[in-house]
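Heads up: the sequence lines are chains A and B, in that order.
For the first sequence, our numbering gives the first residue as 1, with consecutive numbering after it.
For the second sequence, our numbering gives the first residue as 311, with consecutive numbering after it.
Just to be clear, a hint being listed does not mean it is correct.
[Said to hold, decoys possible] Listed below are several chain B residues computed to face chain A (Cβ distance under 8 Å; list not exhaustive):
| no. | residue |
| --- | --- |
| 1 | L331 |
| 2 | W395 |
| 3 | I397 |
| 4 | A453 |
| 5 | S471 |
| 6 | V637 |
| 7 | G640 |
The hints are simulated quantities; they were obtained by calculation from the structure and are not laboratory data.
Think of the CB as a built atom: it goes at the ideal place given N, C-alpha and C, for glycine as much as any other residue.
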Amino acid sequence: MEGNLFTAVLFATVVAGTPLILTALGLLVSERAGVLNLGAEGMMAVGAVAAFAATHHSGSPWLGVLAGLVAGAAMALVFGFLAITLQANQVASGLALAIFGVGLAAFIGKPYESLALPAVPPIRLPFIADIPLLGEALYNQQALVYGSWALFWAVLWFLYRSRAGLVLRAVGESPAAAHAIGHPVLRIRYLAVAFGGAMAGVGGAFLSVFYTPMWVEGMVAGRGWIALALVVFATWRPLRVMLGAYLFGGVMVSQLFVQGAGLQIDFPSQLLSSLPYLATIVVLVAISRNPATIRLNSPLSLGKPYRPDA
Amino acid sequence: MLRLEPRPQASRLMTWLSPLLAAVLTLVAGGMLFALLGKDPAEGLRLFLVAPLKDLYGLSELLLKATPLMLCATGLAIGFRANIWNIGAEGQFMLGAVGATGVALWAGESESALVLPGMLLGGALAGAAWAAIPAWLKTRFNANEILVSLMLVYVAQLLVSWLVFGPWKDPQGFNFPQTVMFADAALLPVLVDGTRLHLGLLFALAALVAAYVFMYRSHAGFRMRVAGEAPDAARYAGFSASRTIWTGLLCGGAAAGVAGMAEVAGPMGQLTDKLSLGYGFAAIIVAFVGRLHPLGIFLASLLMALLYIGGEQVQQYMNLPNSIALVFQGLLLFFLLGADVFIRYRLRFGSGAASA
Numbered sequence: 001m002e003g004n005l006f007t008a009v010l011f012a013t014v015v016a017g018t019p020l021i022l023t024a025l026g027l028l029v030s031e032r033a034g035v036l037n038l039g040a041e042g043m044m045a046v047g048a049v050a051a052f053a054a055t056h057h058s059g060s061p062w063l064g065v066l067a068g069l070v071a072g073a074a075m076a077l078v079f080g081f082l083a084i085t086l087q088a089n090q091v092a093s094g095l096a097l098a099i100f101g102v103g104l105a106a107f108i109g110k111p112y113e114s115l116a117l118p119a120v121p122p123i124r125l126p127f128i129a130d131i132p133l134l135g136e137a138l139y140n141q142q143a144l145v146y147g148s149w150a151l152f153w154a155v156l157w158f159l160y161r162s163r164a165g166l167v168l169r170a171v172g173e174s175p176a177a178a179h180a181i182g183h184p185v186l187r188i189r190y191l192a193v194a195f196g197g198a199m200a201g202v203g204g205a206f207l208s209v210f211y212t213p214m215w216v217e218g219m220v221a222g223r224g225w226i227a228l229a230l231v232v233f234a235t236w237r238p239l240r241v242m243l244g245a246y247l248f249g250g251v252m253v254s255q256l257f258v259q260g261a262g263l264q265i266d267f268p269s270q271l272l273s274s275l276p277y278l279a280t281i282v283v284l285v286a287i288s289r290n291p292a293t294i295r296l297n298s299p300l301s302l303g304k305p306y307r308p309d310a
Numbered sequence: 311m312l313r314l315e316p317r318p319q320a321s322r323l324m325t326w327l328s329p330l331l332a333a334v335l336t337l338v339a340g341g342m343l344f345a346l347l348g349k350d351p352a353e354g355l356r357l358f359l360v361a362p363l364k365d366l367y368g369l370s371e372l373l374l375k376a377t378p379l380m381l382c383a384t385g386l387a388i389g390f391r392a393n394i395w396n397i398g399a400e401g402q403f404m405l406g407a408v409g410a411t412g413v414a415l416w417a418g419e420s421e422s423a424l425v426l427p428g429m430l431l432g433g434a435l436a437g438a439a440w441a442a443i444p445a446w447l448k449t450r451f452n453a454n455e456i457l458v459s460l461m462l463v464y465v466a467q468l469l470v471s472w473l474v475f476g477p478w479k480d481p482q483g484f485n486f487p488q489t490v491m492f493a494d495a496a497l498l499p500v501l502v503d504g505t506r507l508h509l510g511l512l513f514a515l516a517a518l519v520a521a522y523v524f525m526y527r528s529h530a531g532f533r534m535r536v537a538g539e540a541p542d543a544a545r546y547a548g549f550s551a552s553r554t555i556w557t558g559l560l561c562g563g564a565a566a567g568v569a570g571m572a573e574v575a576g577p578m579g580q581l582t583d584k585l586s587l588g589y590g591f592a593a594i595i596v597a598f599v600g601r602l603h604p605l606g607i608f609l610a611s612l613l614m615a616l617l618y619i620g621g622e623q624v625q626q627y628m629n630l631p632n633s634i635a636l637v638f639q640g641l642l643l644f645f646l647l648g649a650d651v652f653i654r655y656r657l658r659f660g661s662g663a664a665s666a
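Next up, chain B with everything else stripped away, as it sits in the complex (with noise of 0.2 Å):
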């Protein structure tokens, strides 16, 4: 008879545990997924694991899909730990691209040095007034920021298809969705020749810093840690609740505008409007699977990056749709969560003489 018996205390290194646990529960969890479907799981498994990681290219690409989540995870995480739930990361990630593409198109064919400034402040900006929505109806109107946050994504959505089919469309485009390419000095250079990796993953490192300096070196960060773990004591000393969630949500839509110009201006190169791969709602689980940590959320961001990849390996050689990387996500929080119980709890064999 196994049950659970609460600890005295939460167990920091089952805190630091329990990611690893999710993630060979999701390994588990996923070989059996491909038994079922008749593949080879160890194939598979290789196909997800090992495959992407062969060689430089391979590597490029694995940090070139991790700067994305890194930089949005890096900003929810700011606010998750204060509770304040902003799922619209996905949205914030549009309008940053909206942002960096008009200034950009505004540019040109300049060659100024300014406009990649330009468009990472645009970038930046634009996230955060999309995010500044839902700070504003919670703080003014006490609207619940999860749904109203939300519901900006699809809005967000339409904004870009409207956007590229109307007025931003490229005349030379035979009618595709897009916008004109953007000129040479509207692109981050590249980091690695003969590589898609750009200077976003600079920024995604530098935000990580910045973030843990933030976190754990400001009393602002402070007061937002005290939000989180206990709202009494925050009220009780007088730190601001619409701080905290001006704060929370200005860091996150911050962030996920940065990560949206970086992608337009990386390795699109122009605004479609197949403009995200959900990485708005995967950098949700990232910041989770990394403990809300800049540490953990770099480790994670890497995880999740290699769950992108190996689906698109597994469509290419698999015949399997690459939608099984959306699965796998979910599962790999699905047990994080699950995982999480032992930060609280241990597990007891026998029945214990204090069964109610």
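Just chain A, with the same shape it has in the complex (with noise of 0.2 Å):
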């Protein structure tokens, strides 16, 4: 019974976890090449609400996904041509993105509020499923989840093990010596911005498809946001991103397995619900107490427009 409730609470953690590391590895790569994109939020909900209606038309849920990170794409690149073509201020033109892609959104998903999609099957891995206890938590789950492993393994090559991702680290820390080399900056900043809307874009995919094969308006409920102060918590490190969503995850779940359990306590529900919000206050807390810690990690153009003729 409590090895079922173990299983129980560490397969639904996986799954609560997936959607955080999507955006949040995204929005790494993204500001690695020194742009902030506040944006996130608004690019997840463009993407989950896309990916329902490409999947609700088509019956595929891959071409779903597919719509989703088109979707997170596009809208990112509407972002970086303010902020990285016209040098706008990105705190602005990303808050304007988050505002404008949940408004979005919630007007071109209306029609689809009532709807439901069939829920997709998970994928069981052979042999490995079978592990006691681990098994059917994380090898009997849905394709995305093995594919934000991926992603991870990828985003930590591309970053540490490639040239490519050797640039766009230069790129973040100082584009003006990336420049004096020939390195193109701004098309790398375009790329590195689109490949974090796009992830965001999955982000959204997934919670609208796979984890509740549904479109609500603000189903999205701060994801994005969370997936932001991930990166800070996380100090630029895809490793610490993985921890840290998947303890966002747990907290995320926690709550459902505490109303579920029916435990005798009168503890107001919506109290509960607000731990993943608090949770994210904390732990920005903890790890900006220290400015040091922000200061030695964070890319140095961080949130800086950069103009290669001036």
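Combine both chains into one complex, guided by the hints.
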């Protein structure tokens, strides 16, 4: 019985952490290139509704994921035009994207509000899914959960083992130096921002097609903002993004299990639901307490526009 | 071939023309959006811009919607001036409503003339207290105020939900998530008979004047502006950074709290979980479009209120979701940020000698 509960909690934690991993790893890459895109919430929302609509009309969840990816990237390019080409304030441009995206998603999603999608069956990996306790939780999961692990390894390899990743990090640390030795700073930043948007779109698609196969206005529920906080919490490192995302996933599902376990305590459910948001504040405080932690780890040019010929 | 050439100094003219340009571009994009949806663009824009203004009642509704936007944006602008990014006005608005409701419920059927001032104070203090959390965490622990103030919006929403589903629920309310209707002494007087326009508008106008005096006629306001425009100069002059942060956030929180009070004591007359229509977020756009200046904010909040009412109109007459108003609001801010490039650069035709 207790073993089953452990497996169930672990399973739900991994699922709840997945959209955060997808979104936060994308944001991490774009921030490593020096661009702070606060519009994650909007990109996730538009990705979610695009994925829902595409899945509804085509019947294929994979076309849905593709639609989410493209929609997220398109949103990010709008931001990129403002923040990279026109050198607008990145904070304001990101806020604009967040507000616009949430509104656009609500507008597009209106006709889909009462519909539901068929649940997508999980994929059971042979042999390792039979491992006691862990197997059912980790290896009998949605394909995108495995996808988020693949993304983690890909980002890790790209940033630290590939030449292109080295150039991207150089652009984030010192765009002027990268420009001086002939790297196209603006193009690299565009690509990084588009990648961030695409992954946020996939994160949104995971929510509306796999996690809860439906579209409801406001269903992203601050996950885009939590993902942004996660990148800070992770001090811009992929492994810590993974740990942080599962930590948050655990906080998010804990309330469901507390409520579901029928514990005889009179505890307002709204208070439990606010735990992920309060936890975000707590980890931000914990990581920011020492100013050097942020200063030493954040990409040096983060948030600063770059003008090559100036 | 078009290219951007830096101006020797920022253009003051473009600073004020840019919001107009953005408004025009939003209308053009809006018309295209209507055409794309197979609706008559002229009719759509008429519903958005003209229909709401055709009579006194329409005008009063416009001012009614503009009131919370004006209040929230005025407070936010003080922080934005100093690069304090409080984006949690939505939560501070809700806390203001909670604070005012607390006073109103405590006063019950009292006829005292002190009920409304008490609610005003309760709303302002509750809003300021909510904004004090990011201020304290920023000054004491260096935590990013954008993320903290935003997270508190979700917490505030859940707090309101808990109150109206739980301890403050109207026992005779057929289980609807709402408090009892406030007594007459807890309602703001109506300014024009036959409309819903209430005293809150005067709070908003007073806040605009107070913000003007503070920003442009006081030393504290001068310090805020220096901190935003030249942080190094502010540091060199010995202006306290934490005082700037506290001032920016507390002003924003108190003003949003008053807006929340005016909403429950004005058109709503009770606290419900459908309290805000996103006024706190729309106020961010109002503050930018209004150039963080009280006069600009006054005009921008009227424009934004028009978008809100227009959204309701097209929902009613064209059968489009009223979230189209949110799309227009987002477009307005996009176009503003884009048009702002002309403050620092000018457009030149042909390839210049200095092209890199």
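Quick rundown of the hints versus the structure:
The interface hint given for L331 of chain B is broken, as the beta carbon of that residue sits about 13 Å from the closest beta carbon of chain A, more than 8 Å. At about 6 Å, the closest approach between the beta carbon of W395 of chain B and any beta carbon in chain A falls short of 8 Å, and the interface hint on this residue holds. Checking I397 of chain B against chain A: minimum C-beta separation of about 6 Å stays under 8 Å; hint holds. Interface hint status for A453 of chain B: upheld, as the beta-carbon distance to the closest one in chain A is roughly 5 Å, under 8 Å.
Using the Cβ-Cβ criterion of 8 Å, the hint placing S471 of chain B at the interface with chain A is satisfied: the shortest such distance is roughly 5 Å. For the restraint placing V637 of chain B at the interface with chain A, the shortest Cβ-Cβ distance is roughly 5 Å, inside the 8 Å limit, so the hint holds. Nearest Cβ of chain A to the Cβ of G640 of chain B: about 3 Å, under the 8 Å cut. The hint holds.
Going through the hint list in order, the structure does not satisfy hint 1, though it satisfies all others.
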